[in-house]
Each structure stands twice: as structure tokens, then as C-alpha cells.
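Undergrad: From first to last, the protein sequence lines stand for chains P and V.
Numbering follows UniProt numbering, with no gaps: position 654 of the first sequence is 654.
Numbering follows UniProt numbering, with no gaps: position 9 of the second sequence is 9.
Simulated from the structure, these hints should not be mistaken for lab results.
Heads up, some of the hints might be wrong.
As the list claims (entries may be wrong) - Simulated restraints on C-beta separations:
1) Q90/P - N105/V: 42 to 52 Å
2) P127/P - G135/V: 44 to 54 Å
3) P127/P - G282/V: 20 to 30 Å
4) R50/P - P134/V: 38 to 48 Å
5) T126/V - R6/P: 57 to 67 Å
6) Q124/P - V125/V: 13 to 23 Å
Just so you know, even glycine gets a beta-carbon here, dropped at the ideal spot from N, CA and C.
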Amino acid sequence: MTVTARAMGEVIDRIDGPDKVRGVARYAFEQPLDHPAYLYPVQSTIARGRIIGIDCRSASSTPGVLMVLNQYNAPRTNIPAGQGELNILQSDRVAFRNQFVAGVIAETSEIARHAASLVRLEYQEEPHDVELHGDRDDFWVPSAASAQFPMELDKGDVDAVLTSAPVRLDRVYTTARQYHNPLEPHTTAALWSEDGLTLYVSTQGVSGIRDVVTALFGLDPGRVRVVSSNVGGAFGSKVHANPDVVLTLLAARMVPNRPVKFALTRQQMFSQAGYRPPTVQRLQIGAERDGRIMAFSHSSTSATSKLVEYAEHCTRPTATIYAAPNLRTRQLVTSLDVPTPCIMRAPGDCPGMFAIECAMDELAVECGIDPIELRIRNEPEIHPASGLPFSSRNLIGCLQEGAQRFDWEHRDPKPRARNELGWLVGTGVAASTYHALQQSGSMATIRADPDGRYTVLIAAADMGTGTWTALTQVAADALGVPVGSVDLRIGDTAYPNASSAGGSSGIASWGAVICEAAGQLRDRLGRGGSIPRQGLEVTARMPENRYASQYALHSFGAQFAEVRVNAETGEVRVPRLLGVFAAGRIVNPKTARSQLLGGMTMGLSMALHEEGVLDPRFGHVVNQDLATYHVSSNADVGDVEVHCLDEDDPYVNPMGTKGVGELGIVGTAAAIANAVYHATGVRIRDLPITLDKLVAW
Amino acid sequence: MRPFRYERTDDVAGAVALLSREPQGAFLGGGTNLVDLMRLDVARPDVLVDVRRLTSDRIEELPDGGVRIGAAVPNSDLAADPLIRTRYPLLSAALLSGASGQLRNLATTGGNLLQRTRCVYFQNVTTGCNKRQPGSGCSAIDGYHRELGILGISPACVATHPSDMAVAMVALEAVVHTLGPNGERSIPVAELHRLPGQDPEHDTVLEHGELITAIDLPPLPDGVRARYRKVRDRASYAFALVSVAAILDVADGMVRDVRIALGGVAHKPWRARIAEDALRGGPVSEERFRQAAEAELAEADPLPGNAFKVPLARNTIVRTLLDLAGPDLGGMAPPPASPDAPDPSGPDPNAAERGLDPNAPPAAAAGAAPPQDRTQPRHAAPPEEAEQPQEATRPQEATPPQDRAQPRHAAQPQDPGAAQPPNNPGAQPQGGPAIDPAIMDPEMESGPEPSGPPA
């Protein structure tokens with residue numbers, strides 16, 4: 001079924017905007033709960049070892065302290081498979097520095113924090129291992145993500161071609177440890193009473209949180225309610241339950257009938273809320289002199305914690321982006337005594353495409369070919385790995401549209417050719433791609449009332465992306481009614497189960513099930529039928545997309561950057577970014593632009609600033625606040641232009657959408673790095689591109 | 001945060017007396033640094049004596065043409081003050097390059113001078129730091145020290161002082177007035193902060209209970225040009241990797257006088273006297289600027305992670321002096337091009353910020369707001385990064401500071417016989433081309449310790 005677009009494609013201001021601007025939109029921590037207690041954690045000061053003693057006397061006797069929670073008195077929990085990081089206060093083991101090892105529950109957050117500083121722990125420390133480098137010998141092929149895409153690809157005879165190709169490239173690129181740092185930190189409020197458990201939490205998916213909580217505590221799902229009405233950003237860090245949720249639940253269990261609130265500090269965000277792990281990637285390309293790729297090899301290594309296997313799957317886009325008769329990918333991971341990394345905006349694809357697209361720029365230079373022309377010459381007709389046709393693919397269209405808008409034609413390819421008042425000027429280009437994902441398992445209920453109003457219920461999440469608005473537009477078109485007739489309710493497990501807001505799958509997944517429910521409702525009402533007096537309610541399950549096995553489903557884009565590098569100090573400025581994207585139907589051009597622009601800005605930040613510095617002696621990231629871990633400030637962001645091509649894709653889902661949450665960050669860093677090379681003649685292969693790498697010595 | 005008492009007194013003397021009896025107490029100014037450190041358990045005062053309403057929050061002209069800044073003047077007000085923007089645009093530029101608008105609204109002038117290092121180990125109580133906990137060892141020397149010191153460091157500490165304002169004040173030869181348990185005294189800002197030595201727990205020479213009450217800026221000689229150039233990891237809201245406050249006085253191609261202060265390189269704002277001595281009295285040339293910078297930095301003792309600061313400081317010193325010397329020497333032409341607005345003809349990176357200010361100049365000229373532009377209300381955020389070389393305007397007795405109709409060079413010299421505070425060495429106003437020997441002679445700079453209250 002394909003839905004006719006009426007509201008879809010219209011610019012509609014955010015439905016949730018006025019409440020947020022006025023400050024009346026409630027976030028998890030702000031829920032007005034009766035007489036809440038507050039929690040503050042104690043964090044380990046070793047990176048590996050055992051707790052052999054804990055002295056809570058001073059903390060416990062502090063006025064206002066209700067309880068000091070520790071491994072001895074904490075309720076026992078089950079640990080769901082593959083979620084070892086949620087094993088909080090269940091043993092004496094310390095798996096990383098800053099792990100939660102105790103918690104103080106008190107009348108105020110100030111008392112809790114102060115008392116937490118009085119808890120004394122004694123450790124038996126063991127030598128720790130926290131450094132990732134390419135010549136380790138303990139990498140393995142990750143298994144956890146292998147169900148989603150192959151961890152190893154072998155097509156043709158890569159090695160033979162790499163040794164014989166006329167043009168050969170062999171480069172190593174590295175990306176830094178990056179933190180999501182949403183504006184709203186991770187926050188939880190929990191109330192455990194006879195009626196069950198109520199949890200207010202800042203999350204990308206209430207259903208997933210409920211499932212984890214019921215498994216942890218062996219609860220009946222019917223007795224757990226998870227509410228997350230507004231979320232102040234997440235970027236992947238709130239897609240799963242994190243240790244802070246578990247610690248809050250343990251605390252709430254100890255003070256029944258009393259709500260417990262817990263908000264991570266910014267410093268704690270650097271050990272409890274996931275991060276994008278650093279990657280080391282090797283790209284080998286063999287090509288004809290005209291730039292046509294003969295062999296392409298991409299290997300990527302990253303590190304996970306000792307608790308959970310998470311591999312930053314940088315090689316996923318490799319098989320999608322360019323035609324290569326001989327193709328090889330290798331995805332490897334090792335484990336260290338560090339906090340657990342997790343998905344972060346375009347996981348894998350974002351750092352992976354940094355390496356791929358820098359290598360393509362280097363290949364263009366080697367071959368003396370314009371980098372846009374090089375990409376056009378390597379455009380595949382079918383998906384290079386699966387052999388499936390693309391449902392739609394407009395990479396060339398994006399490159400060409402962008403070239404025209406950016407005035408690429410007049411670019412002098414010679415590096416270090418433009419110096420304006422002491423600033424070296426350069427431009428660069430890179431491709432973007434992301435898979436068009438649809439998650440299974442969602443359900444939706446639509447209730448029609450005789451007054452012509454429709455209530456749509458689904459436990460979806462709006463983490464600040466505009467879901468509320470865009471999903472209302474989808475529902476309106478699916479029902480064939482004006483947007484004003486639709487009342488969308490999300491963010492509550494009281495509504496039907498929904499997949500999480502991850503992998504740019506939100507609109508594609510929730511939209512599809514809403515379309516299904518709307519279709520059933522319209523069938524029940526019949527042609528021209530009126531709504532019965534008692535109303536009519538339909539609940540639908542997520543339909544299967546039969547095209548998913550017949551087509552390769554991906555979005556594409558092209559990013560252009562102009563940079564200025566101070567010839568003396570090495571300071572880098574990016575006055576201009578342009579992104580041209582082909583992502584199927586754009587449901588709301590305003591919120592979609594914000595998503596893509598935000599992604600590009602985060603890509604700029606990744607290119608120039610973001611780097612969590614881990615001190616190997618201690619095992620923790622030392623720059624653990626926003627003064628020392630830099631993200632781009634307003635002054636760093638120049639003119640950012642976003643343009644979307646019209647793209648009609650009948651195969652992805654009934655709306656024809658592909659998702660825009662992550663596409664925007666893919667390729668930005670490469671476009672900037674390539675522009676820095678063009679400006680200076682210096683190729684920086686290690687992010688971030690800080691001025692010490694460019695200063696004139 | 002540990003529990004603490006909060007105290008207020010009626011006057012400065014009462015606050016000093018109170019804190020003198022509280023060995024673990026601290027003065028509370030704007031709180032933008034101290035309160036953060038208390039949350040982190042780095043600062044553990046058991047009593048806070050609020051001085052925000054005690055010291056002056058006014059900026060006043062002094063009889064000698066200088067300016068007195070009350071210690072409680074917020075950084076925002078100081079940066080936007082017409083007197084400061086006219087006579088000491090260097091100071092305005094330095095202030096506006098620091099922190100954020102919100103922090104500058106809250107931070108006081110006295111407190112800015114006394115902010116602590118942002119070394120990541122100092123700010124984390126689970127790691128050793130000799131400054132925070134004497135004898136616990138310096139974690140930075142063998143750890144993360146990218147932003148830390150290259151000059152005057154010791155095996156005990158490589159911290160840097162984070163203030164931009166203080167760097168400009170050192171170049172301006174400002175003097176702080178204090179009231180302490182032993183009475184009043186005056187200290188040149190250049191001598192306020194210490195080198196770490198073996199006791200880095202002491203940032204400054206102030207005694208416990210000694211409160212900064214005011215800062216005096218001596219008048220600048222006629223015709224000198226000044227500039228603050230800050231180099232950092234992002235375009236705004238970051239501490240300096242290297243900053244340069246430079247004041248240059250050139251006549252007939254010769255350096256009559258020069259003052260250079262460096263930020264981001266040492267435990268204190270670093271007065272580059274070696275470079276100054278190398279330049280003073282000699283011809284103006286890029287080669288000499290470079291030699292002078294290299295002579296100063298020959299003393300540098302960088303660590304592996306901050307060795308880049310040596311060429312960065314050299315390049316920044318040379319470029320700042322070139323820009324001050326003018327386009328003939330390859331300085332930026334046109335001079336008002338702000339280095340933080342990389343594309344003079346392109347989009348202004350701070351446009352959004354400036355867009356909040358209805359009185360801000362148009363974006364294209366915003367980076368180069370001329371001192372004539374005084375239409376902004378005092379509390380409106382002035383454009384950031386207005387750090388183009390500017391000639392300080394001479395004080396004008398008959399002209400209220402709000403009136404900027406007069407050309408900048410038409411200032412009347414003040415009566416050279418006007419009374420001068422005894423604690424302002426090198427602050428004598430100049431009429432005509434004559435040079436104040438106090439400015440020319442570095443010996444007199446560090447000469448007799450000034451004493452006694454200002455006139």
C-alpha cells in the first residue's frame with residue numbers, strides 16, 4: 001500500500017515547539033512526584049579489580065541520608081544476555097574505572113552527593129588494559145552484530161589485484177573516542193509501590209526499557225509502566241537502558257512508595273552513557289589509471305568493554321558505496337577494561353565513511369581525476385555485495401546538484417593554491433550513505449471518534465527530532481484527514497509496543513504500522529461510512545516489507561565543505577558546508593532540514609573538535625566535561641546549506657521515506673578533511689583535525 | 001558539595017576580618033569557578049564570605065587619565081564600558097574572547113584574576129595534583145597536558161593560568177589594590193600570580209583573607225597600538241592555547257616601546273621581557289620580530305603533548321606585532337580583518353550571536369567594530385572578537401565618554417603635571433612625542449614595590 005501525500009511534504013512547525021519554548025514541556029526529571037528522594041552514585045577509582053571493603057559509616061550517619069546502597073544490600077537482579085553493563089552492585093568485580101560501586105539515597109540531591117563522597121572503598125587492584133592499537137594480537141570477529149550484516153566479505157581475488165593494479169593506495173585512518181553529550185543528561189525517576197513500578201526516563205524507546213526492566217527484576221510486564229514524554233537529545237546514548245536506570249531501580253526498591261530521582265552529571269556522562277569507540281581503519285585500493293576501482297579492501301578495528309561486545313561496524317557501508325569487482329571487508333574487535341561503547345549517530349557508517357571518503361580523495365589525487373568524476377566512474381549498477389538492485393540510488397544526482405550549487409566547476413584542484421589574507425582556502429567533497437532501516441515488532445492503535453477526531457496511540461519516542469510532528473503528518477495522510485484531526489500519543493508503555501528511535505528507523509517503522517492500522521480502520525468504516533456513535537478502534541501489527549529481500553534500500557548524499565586554515569597557527573574554520581541528500585520522501589521539510597543540518601554540524605564537530613582523551617595510567621577519559629571535551633560552538637558553524645532531491649521510492653515503505661537522522665553526519669568529516677588537504681597540501685588521517693597538526697613549525 | 005556556611009558582612013573590612021578568622025573559608029565573587037570546584041569537591045571551603053556587594057562595581061576615571069575598576073565589576077560590564085572600549089580596547093577584546101556571555105555577566109573582575117587552572121587533573125579529585133593536594137604528585141607531566149604550560153614550569157606543576165583578561169592587564173601594567181589582614185597594599189598584576197616552583201598550591205602572592213578591591217589601569221601613551229590575539233581549539237568558548245596581548249609604539253620605523261604578554265603558556269600571564277628588550281629601540285622588521293619571539297621562547301621547556309605551543313606562540317607573537325606595525329610589513333591589510341572571522345567577505349561566523357543584539361553593526365563590519373560605535377546599551381553583548389589593532393584614544397577631559405563624535409586622534413593631552421597615584425609606575429600620561437622613561441625602562445617596571453592605597 002502506498003499512501004497519498006497531502007500533509008506529508010508540508011512544512012509544519014513542531015507540535016511540541018511552543019511548550020518547549022515556554023518551558024512547560026516536562027522531562028523525566030521534572031515529573032512532579034510526591035516527596036521524592038534523590039540518588040547519587042559512588043564510582044570506582046580503579047579500572048580493574050575487586051572491592052574488598054566498603055565503609056559507609058560516615059555517609060550513613062550524615063543527616064538526611066536514607067540509605068547507602070552497595071553490593072551487600074542491593075536487591076539481586078537477573079542480567080539479560082549481552083547486557084553485562086547492567087550488572088550493577090551484584091558482585092565485587094570492578095570492570096572499568098568510574099563504574100557504579102555504591103549509591104546514596106537522601107532527602108536532597110546535595111546531601112546525596114556529599115554523602116557519596118564520604119563512602120570509602122578498599123580495592124584489590126589488578127593490572128588494567130585500556131589501550132587500543134593496531135598491532136594488538138587479540139582481535140576477534142564480532143558476533144553480536146553479525147546477524148544484521150556480514151562481518152567479513154570476500155569477493156574476487158583482492159590480494160592479487162592489489163599487488164598488480166596500476167594505481168595502489170594503502171592508508172590507515174583513525175577516528176577519536178566521541179561522546180553523544182545530549183543537552184539533557186540521562187535522567188530517571190522511579191516509583192515502586194504495591195501497584196507496580198512506574199518509571200519516568202529519558203529514552204529513545206519506552207518499550208525496550210520496559211522489556212529490560214521486567215527481565216532484570218523478573219516482573220510482570222503489566223506491572224511496569226515506562227513514561228518518556230520529552231527527551232532532550234540522545235544520539236543513540238538512550239536507546240538502551242544504561243546503568244543509571246538500574247541503579248535508580250535498585251534504590252527505588254529499597255524505599256518503597258517513595259519516588260527516587262537520579263540525573264547523571266555531565267562528568268558521569270563520560271563513563272555511564274556509552275560513546276563511539278575509537279577506530280583504526282586500513283584502506284587498500286587498487287585502481288586503473290582512469291580511477292576505476294579494481295580492488296577495495298577495508299579493515300576496521302575497535303575496542304569494546306569486558307562486559308558487552310559492541311563493535312563499531314565501519315565496514316558496513318563499504319559494500320554499498322562503490323563498484324568493486326574485488327572486495328574485502330574485515331571487522332575486528334577486542335575488549336578492554338573500559339566503559340561500554342554503544343551506537344552513536346550513524347554508528348559504523350560515520351567513521352567508516354570518513355576513512356572511505358578520504359581514501360577516495362587520495363585516489364582522485366593519485367589519478368589526477370576530479371573527485372566527483374572519480375565517484376561517478378565507480379557508481380555500481382547493482383549492490384556490489386548482495387547483487388540486488390537499489391530501490392532508488394541518487395548519489396550521482398546529489399554530487400551533480402551539489403557541484404552546481406557549490407560552484408565546483410571553477411575549483412582549481414591544485415592544493416595550497418589559494419591564500420586569502422593569511423588563510424589557506426580549500427574545498428572538499430565526500431559522499432554520504434545510510435541504510436533505510438525498518439524495525440519489526442511495532443504495533444499501533446487508532447481510535448476514531450464520531451466527532452471526526454482520530455487518536456493514534458503508539459509507544460514511539462520523540463527525542464527532539466520532530467517525530468511528534470512528522471508522525472502526525474503520516475497518520476493524517478494514512479487516514480485521509482487533516483493534520484488537525486489527529487491526536488498522536490507517544491512515549492508511554494500504556495500505548496502499543498513500538499521499536500526504538502534508532503538507526504533512522506523511526507518514521508519508517510512507526511509510520512508503516514500506523515498506515516497499516518489506518519488502512520484497517522478505513523476498511524472497517526467502509527467507503528463513505530460514518531464513524532459509529534461509540535467510536536471505532538483498530539490495533540494493527542507491523543506488516544512485513546516484502547521488497548526488503550528484493551531490493552537494496554539505502555539513502556545517499558553528497559557533502560561539500562569550504563575550509564580556511566590559518567597558514568601560521570593552523571586554526572581551521574569552516575565557513576561553508578553544503579549537503580545534498582536523496583532520502584526518499586521528506587515528510588516535513590523543516591524538521592528534516594533540522595535533522596540533516598544537525599547531523600552535518602555534528603560531523604563538523606567530529607572533524608575538528610571531538611576527542612575523549614583516555615589516560616592509560618588511570619583508565620578514564622580525563623576531559624570529562626564540556627569545557628575540556630570540545631563540541632563545535634556557534635562560532636564554529638558557518639553557513640550550512642541543506643538541499644534534498646525529490647526521490648520517489650515505492651519499495652522502502654508505504655510513505656516512501658528513508659530516514660534522515662543519521663545520513664547528515666555521514667561524510668561531513670571526510671569532506672572537511674579533504675578540503676583541509678586541498679587548502680594546505682597536508683593530509684590529516686587522524687581525527688580530530690586540531691591546529692597542532694597544521695601549525696607552521 | 002560539602003555543607004558550608006554562607007556569610008555576608010557590611011563592608012570590606014568586615015569581610016576581611018571575618019575570613020581572616022576562618023582558615024578554611026573563601027571569598028565568594030561571581031562564583032563561576034569556585035562553585036564549580038565546590039561541586040567537584042576540589043574546593044572545600046567551610047564558609048563562604050560573599051563580597052559581591054562589598055567592593056565597588058564602578059569604573060572611574062583617575063586624575064592621571066587612567067581608570068579604576070571596582071573588583072565587583074562584572075566582566076560583561078567591563079568589556080562594554082565606553083571608557084574601556086575607547087582607551088583600552090585591548091582589554092575589551094581580551095574579555096570578550098573569554099568564557100561565554102552568561103559567564104561574563106556573572107564573573108567579577110577580581111574573581112577573574114583569581115580563577116584556578118583548568119588542568120583536568122586539578123579538577124578531578126581521584127587523580128594526583130600538587131596544586132590541589134600538595135605532595136600528591138603531578139599527573140599532567142606524564143599525562144594529558146596539551147593545554148598546559150611551556151614557560152616557567154616546574155617538576156611539581158605545569159598548570160596554566162586560564163584568564164584572558166589578566167593577560168591584557170599585564171600588558172597594560174595594571175595594578176591591583178587589596179585589603180588584607182595586614183592592611184592595604186598595591187600589587188602590579190604582573191606580580192600577582194606566581195610561578196609554581198615547589199609549592200604550586202599558591203596561585204598568587206595574596207595572603208589568606210586578602211581581598212582585591214580594585215584594579216587600576218595606567219593611561220597608555222599617545223599613539224600606541226594594541227591587540228589581543230587568542231588562539232584556541234574552537235572559535236569560541238575555549239581557553240587559550242596561546243594568546244598574545246601586545247602594545248606597540250613605533251616612530252620612524254623604530255620600536256619606541258613594546259609590551260608583550262602571553263597567555264596559555266605559563267602558571268601566570270607571561271610578560272615577554274626578553275622579546276621586548278630585543279625589540280625596544282631597534283628597527284621594525286619581521287625578521288626582528290621573529291628573532292625576539294624565538295629569544296623569548298628559547299626559555300621554553302615544553303612537554304611532548306604541548307611542544308606545538310612553541311611554534312604556535314612564536315607565530316602568533318610575530319603576526320600580532322606585524323599587524324600592529326601595519327600593512328607595510330606584511331601585516332593584515334586591511335588591518336581590521338579579525339583573525340577569527342576568516343572570510344572578511346564571507347559569512348560572519350558570529351552572525352548568530354550578534355544577531356541577538358539589535359544594535360550590533362552589520363555582519364560584514366561586525367568583526368571590526370570601530371570605537372566610534374557606541375550606540376549599544378551597556379548590558380548589550382558587544383560583538384565578540386573585536387580584536388583588530390586599535391589605537392587607544394587619549395583621555396579627553398572635556399568630552400564625556402559617551403560622545404564619540406570627535407576624531408580619535410584629536411585628543412587633547414592632559415596636564416602632565418596632574419597628580420599621579422604613587423602606585424602607578426609607568427603610568428605617566430604623555431603629551432606629544434616624548435616617551436615616558438618608566439615605560440621605556442624595564443628596570444623601573446619591576447622596581448620598588450608600590451605601596452599604600454591609591455590616591
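Undergrad: Against the structure, test the hints numbered earlier, and report the numbers of the ones violated in rising order.
TA: 2, 3 and 4
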